[in-house]
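Asker: Here is how the chains run, residue by residue.
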Amino acid sequence: MNWVLAPYRDPQTYRTAAYLVTGLVMGVFDFVVIITGLSLGFGLAVTVIGIPILIATFLVARSLATFERHLARNVLAAPLPRRRLISEPEGRGYLARLRGLVTSRRSWSEIAFLLLRLPMGILDFTVVVTVFALAFGGFVYPWLIVAGIDSSVGGWVIDTLPESLFYVPVSVLFFIVGGRLIQAWGEVSRRFATLFLGTVGRDEIKREVADLIARSGPVDAYQILRDVEFRLGDGPFLDATRVQAALVSLEEMGYISASAEGSLMVYRAA
Amino acid sequence: MDEFAEMALREREARRIARRQWFVLHAAVYGMMQIFLFIIWWLSDVSYPWFIFPLFGWGILVAAHAVYAFVVQDPEEIMVQRAARERDEQ
Chain B
1 MNWVLAPYRD PQTYRTAAYL VTGLVMGVFD FVVIITGLSL GFGLAVTVIG IPILIATFLV
61 ARSLATFERH LARNVLAAPL PRRRLISEPE GRGYLARLRG LVTSRRSWSE IAFLLLRLPM
121 GILDFTVVVT VFALAFGGFV YPWLIVAGID SSVGGWVIDT LPESLFYVPV SVLFFIVGGR
181 LIQAWGEVSR RFATLFLGTV GRDEIKREVA DLIARSGPVD AYQILRDVEF RLGDGPFLDA
241 TRVQAALVSL EEMGYISASA EGSLMVYRAA
Chain F
1 MDEFAEMALR EREARRIARR QWFVLHAAVY GMMQIFLFII WWLSDVSYPW FIFPLFGWGI
61 LVAAHAVYAF VVQDPEEIMV QRAARERDEQ
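Sequences listed follow chains B and F, in order. In terms of this note's numbering, the first sequence opens at residue 1 and continues consecutively. In terms of this note's numbering, the second sequence opens at residue 1 and continues consecutively.
Honestly, the hints are just simulated from the structure, not real lab data. Be aware that a few hints might be false.
[Claimed, not checked] If the Cβ cut is set under 10 Å, some of the chain F residues that face chain B in the computed set are:
#, residue
1, Glu11
2, Ala69
3, Phe70
4, Val71
5, Glu76
6, Val80
[Stated by the list, open to error] Far from chain B, by Cβ distances over 12 Å, these chain F residues were calculated:
#, residue
7, Ile17
8, Arg20
9, Leu25
10, Met33
11, Gln34
12, Phe38
13, Phe53
14, Trp58
15, Gly59
16, Leu61
17, Ile78
18, Met79
19, Gln81
20, Ala84
21, Glu86
Backbone N, C-alpha and C define an ideal beta-carbon position, used for all residues, glycine too.
Looking at chain F on its own, in the form it has when it is part of the complex (with noise of 0.2 Å):
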């Protein structure tokens, strides 16, 4: 791997470290608006569990930005990583 390759690899590994943080923040804000709620129902009215409408309905868009932080890589990344491996496999 040549020096600016290096540099390249770095600066991903910078850019996936701060898309986890963000979502780890994400995830924190989530959980703890989750129990507010949950604590808002218990203590009024429990009859009707509406609490459950923004943990499914804002947890589809955690699970969104767990994949987007976790398992999704840009395309420009797939290919150079792609192109690393046959240059090593050469």
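Chain B with its partners taken away, still in its complex shape (with noise of 0.2 Å):
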């Protein structure tokens, strides 16, 4: 029973189902604001209009993917990296960040989410509208009868007791197996959405490595990794060797120097 149960006892199966029916809406609108950026762009590149229309694009994707994060790390507790809207580094010129815009494999991978969001949305809001209508809806014919009201599936009209009660069986099998469906699509869906948006680059983990250990000190790598998660959040995208792979490319680099202290190395800047 706790089987069947606990699903619609977990507050996230909720959660999950409200990021899924609002997939349809989003991925409708991430689309047609992608496309049309696209299209527009590209086609009017040749005159002088089309390369601020490409950039504008690129910027809003940016936003959208950024909101799109946010709402699945926080609605579908996916392990999403909190990242800036602008991650390309400060100090190369304004030419050489926009550059980094256009052909970072960020802004790509975001781009491809939201142009990828419209079907996978389809898919979500079909599945969560299917399973909860399969596993309520037997139950309400019934007491349509007894309300005096008539109803009807396909072409054929329920207007008796033993009529209604037709469709209960089904509803009760959807209703034991429909909390946990709703559950495996939100894994799906969070797969989906670590596959395109979860991802930093090691350039990032390196710039945030450097950044920490120039403003803290000596610091060991522990802490490192604990301030870059604080940062960044926690997530597959971020473990122990890419954050030691960052402190050896520093290190070779002659940003930092490491010196061993008991049992651990500690980092500190060259």
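Both chains are given apart, each in its own frame, so use the hints to dock them into the complex.
Answerer: In structure tokens form, the structure reads like this:
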């Protein structure tokens, strides 16, 4: 019994269902905005006006993806990083940042997510509505008969109590598995979001680590990992090896130096 | 090797084991499906060996998965291992 009711007692099931239902609206919106921007921008690229439209589209895509990331992290509980709107490093000039915006893997991955959000959103919406309709719809017909309201399924008019009980077993079955189905589909959606929105570039982690060491003085790698996790969030995009690789790279470049203190290495700005 | 490096090594080992387990699962599903398709082919019209298409088509994916599970290393992993080797040599 607990296996059946546990998903219905878990608030995350309803949050997941809400995320999946809004997928249709968000999918249509994301798709229309990005397709319009890209086709208009590329179409007018031979004239002067196309380039600013394309740049604006990339910026809008960043904003939409940031919102989608926020939504997936807080509503769907997807392990996604907290990212700044513009992650391209400052100090290399305006044009270099702009080039980074257009050519970065992050931008294209986010655009792919926003375009695929429509077919995925249609699936999300269909799954939730079908599961809930099948899980609860069958229990409604007997009440409609009691209330004196006839209903129909396809061409079949349900106007007697025995007829109205026909779909009750179907709903019982779907009520038993419905919560689990929503959770399972939520996991599919979570993985989809993580695949496209959950990556953080090596350079970005390196910058975070360098910035932390420059600000806080000598620190060990555990502290660095904790602090970077605090800034970016916890997820598969950040692990001990990635932090270690960033430290090795910064050490090789001569930005930091390492010294052994007890069983730990301590890193400080060179 | 310091404490943190040991933890990172354990994480990498765990990830490697998980990758290999996923590959074994994939290979098992592939094998069973191919046997199933071969039996269908054997019991029905044997004039045209259509079962070789999924055998090779899906086989390419299984081979790619094997490479990913047993050969491919993350660039960060390579970098960390190289640095550890250099440190040991010094």
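Asker: If a hint holds in the structure, say so; if it doesn't, say that too.
Answerer: Results of checking the hints against the structure:
Residue-level restraint check for glutamate 11 of chain F holds (minimum Cβ-Cβ distance to chain B is 5 Å; threshold 10 Å). Nearest Cβ of chain B to the Cβ of alanine 69 of chain F: about 17 Å, over the 10 Å cut. The hint is violated. Hint status for phenylalanine 70 of chain F relative to chain B: violated, with the closest Cβ pair at about 18 Å, above 10 Å. Interface restraint check: valine 71 of chain F against chain B, minimum CB-CB distance 18 Å, threshold 10 Å, status violated.
Because the closest C-beta pair between glutamate 76 of chain F and chain B is about 4 Å apart, less than 10 Å, the hint holds. Look at valine 80 of chain F: its Cβ gets to within about 5 Å of chain B, closer than 10 Å, so that hint holds up. Here isoleucine 17 of chain F stays apart from chain B, with its beta-carbon at least about 15 Å from theirs, past the 12 Å limit. At the 12 Å boundary, the C-beta of arginine 20 of chain F stays outside the reach of chain B, the nearest C-beta of that chain being 18 Å off.
Even its closest Cβ contact with chain B, about 16 Å, leaves leucine 25 of chain F beyond 12 Å, as expected for a residue assigned away from the interface. Every beta carbon of chain B lies more than 12 Å from that of methionine 33 of chain F, the smallest distance being close to 22 Å; the non-interface claim holds. The Cβ of glutamine 34 of chain F sits about 26 Å from the closest Cβ of chain B, beyond the 12 Å cut-off, so the non-interface label holds. Annotated as non-interface, phenylalanine 38 of chain F keeps its C-beta farther than 12 Å from every C-beta of chain B; the closest such distance is 31 Å.
Interface exclusion of phenylalanine 53 of chain F from chain B stands, the closest Cβ pair being 27 Å apart, more than 12 Å. Remark: the non-interface label on tryptophan 58 of chain F is consistent with the geometry, its nearest Cβ contact in chain B lying 22 Å away (cut-off 12 Å). Remark: the non-interface label on glycine 59 of chain F is consistent with the geometry, its nearest Cβ contact in chain B lying 25 Å away (cut-off 12 Å). At roughly 18 Å, the least C-beta separation between leucine 61 of chain F and chain B is larger than 12 Å, which holds for a residue marked as non-interface.
Taking the minimum C-beta to C-beta distance to chain B, about 9 Å, the non-interface status of isoleucine 78 of chain F is violated against the 12 Å cut. In this structure methionine 79 of chain F is not separated from chain B by more than 12 Å, as the shortest Cβ-Cβ distance comes to only about 5 Å. At roughly 10 Å from the closest C-beta of chain B, the C-beta of glutamine 81 of chain F falls inside 12 Å, breaking its exclusion from the interface. With a least beta-carbon separation of about 9 Å from chain B, alanine 84 of chain F fails to lie farther than 12 Å from that chain, contradicting its non-interface assignment.
Remark: the non-interface label on glutamate 86 of chain F conflicts with the geometry, its nearest Cβ contact in chain B lying 9 Å away (cut-off 12 Å).
Violation of the numbered hints given earlier is confined to hints 2, 3, 4, 17, 18, 19, 20, 21; the remaining hints are satisfied by the structure.
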